[in-house]
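All chains, please: the whole structure from these sequences, using the hints.
One-letter residues, chain by chain:
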Amino acid sequence: MTINAENLGKLKYFAGLEPGQLSNMTLLFTEKAFVKGQTIIAEDDVNEQVHFVSSGVVKIFKTSSEGKEQIIKLVRPGESFNDIPVFNQGPCPYSAQALGNAVIYRIDRKDLLPMMKSNWTVTANALAAVAEQSRLLLQLVEDLSFKNVTGRVAKILLQHSVPGPEGAPRLTQYEMAAMAGTAREVVGRSLKALEDGGAIRLEGHRMVIVDKEYLKQLAGLN
Amino acid sequence: MTIKPVFDETKCDGCGLCVTVCRCGALEMQNDVVKIIEVAHCGWCMDCELVCATGALQCPFEIVTLDT
Ligand code: SF4
Ligand code: SF4
Chain G
1 MTINAENLGK LKYFAGLEPG QLSNMTLLFT EKAFVKGQTI IAEDDVNEQV HFVSSGVVKI
61 FKTSSEGKEQ IIKLVRPGES FNDIPVFNQG PCPYSAQALG NAVIYRIDRK DLLPMMKSNW
121 TVTANALAAV AEQSRLLLQL VEDLSFKNVT GRVAKILLQH SVPGPEGAPR LTQYEMAAMA
181 GTAREVVGRS LKALEDGGAI RLEGHRMVIV DKEYLKQLAG LN
Chain H
1 MTIKPVFDET KCDGCGLCVT VCRCGALEMQ NDVVKIIEVA HCGWCMDCEL VCATGALQCP
61 FEIVTLDT
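In order, the protein sequences belong to chains G and H. Here our numbering is used: the first residue of the first sequence is 1, the next is one more, and so on. Here our numbering is used: the first residue of the second sequence is 1, the next is one more, and so on.
To be clear, the hints were calculated from the coordinates, so they are not data collected in a lab. Hints should not be assumed to be uniformly reliable.
[Said to hold, decoys possible] Pairs of lysine-lysine residues, derived as DSSO-like cross-links and limited to a Cα-Cα distance of at most 27 Å, are as follows: (1) H:Lys4 <-> G:Lys12; (2) G:Lys212 <-> G:Lys36; (3) H:Lys11 <-> G:Lys10; (4) G:Lys32 <-> H:Lys11; (5) G:Lys62 <-> G:Lys12; (6) G:Lys32 <-> H:Lys4; (7) H:Lys4 <-> G:Lys10; (8) G:Lys36 <-> H:Lys35; (9) G:Lys73 <-> H:Lys4; (10) G:Lys12 <-> G:Lys73; (11) H:Lys11 <-> G:Lys73; (12) G:Lys68 <-> G:Lys212.
And the structure:
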């Protein structure tokens, strides 16, 4: 895939630009393909390029000192990442990994800033993209700090479990997230915590409740 | 019985992202439509569900208790 005006126009930052304007920009971008599982940027890397997903999906996440991972968001085709260090100059506050094979376009800060200065559409698009990311992060802060998501998930599991294995109700992580009033990424973290704490065991598509009393305690049902 | 994700063709927009992340070869794109193939081992990694923005692919859990 080459960087052509049409592919550039599919990126949110450059939506609304004329084909001629896009053509004039193509030389400022570099393209790189990443394979499934490859790290694109590691947390604390210093990198002054805004990254755009042209194809594939990129996982943005943070890792705790104990190695626990919290997905912050998925970046889908057309969206960007590593904008924060470009505008704010500092190390990247998260890691980015290709979930499947992905093609990434990149532009240097030194080329992007003059472009934004001369083109209000790009500036407005960039602001909208960064503002959207801030909104999402604030939502995540709210979910992680003010809601007892693990307790809510524990309650949902208790309410939806049967003495298995036949006829068990089936629930997706999205459904659990909707019930708990949070995002799927936060439910994923809670399930991992419950698994690490020995309350549940994941066996492929089956979730076995191992310690019902502990779940009840977390759910505030004791 | 082989367990595979649940697919709702009416919700699929053909973006193909699920196929790019699947690690067991269960998902294939055929004429812009996802086909789920029976494979011996889908590890239920749920990445296909994670990347699917339309909710066409779902990996539901069966929730069971150990005690009776
Ligand atoms: S759960 Fe994982 S391995 Fe199974 S079909 Fe989905 S992506 Fe493939
Ligand atoms: S990710 Fe979802 S919408 Fe996209 S091709 Fe797969 S099933 Fe269809």
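Here is what the structure says about each hint:
1. Restraint check: the Cα-Cα separation between H:Lys4 and G:Lys12 comes to about 34 Å, which exceeds 27 Å; the hinted pair is violated.
2. Restraint check for G:Lys212 and G:Lys36: the C-alpha separation of about 37 Å exceeds 27 Å, so the hint is violated.
3. Restraint check for H:Lys11 and G:Lys10: satisfied, since their Cα atoms lie roughly 22 Å apart, inside the 27 Å limit.
4. As the CA atoms of G:Lys32 and H:Lys11 are separated by approximately 31 Å, the hinted pair breaks the 27 Å bound.
5. This hinted pair checks out: G:Lys62 and G:Lys12 have alpha carbons roughly 24 Å apart, not beyond 27 Å.
6. For the hint linking G:Lys32 to H:Lys4, the alpha-carbon distance of about 33 Å lies beyond 27 Å, and the restraint is violated.
7. Our distance criterion of 27 Å between C-alpha atoms is broken by H:Lys4 and G:Lys10, whose separation comes to about 33 Å.
8. Only pairs whose Cα atoms come within 27 Å are accepted, and G:Lys36 paired with H:Lys35 is accepted, the gap being roughly 21 Å.
9. For the hint pairing G:Lys73 with H:Lys4, the CA-to-CA distance comes to about 25 Å; that is within 27 Å, so the pair holds.
10. Only pairs whose Cα atoms come within 27 Å are accepted, and G:Lys12 paired with G:Lys73 is accepted, the gap being roughly 16 Å.
11. Under the criterion of a C-alpha separation no larger than 27 Å, the hint pairing H:Lys11 with G:Lys73 is consistent with the structure, at around 22 Å.
12. Under the criterion of a C-alpha separation no larger than 27 Å, the hint pairing G:Lys68 with G:Lys212 is consistent with the structure, at around 24 Å.
Hints 1, 2, 4, 6 and 7 from the list above are not met by this structure, while the remaining hints are.
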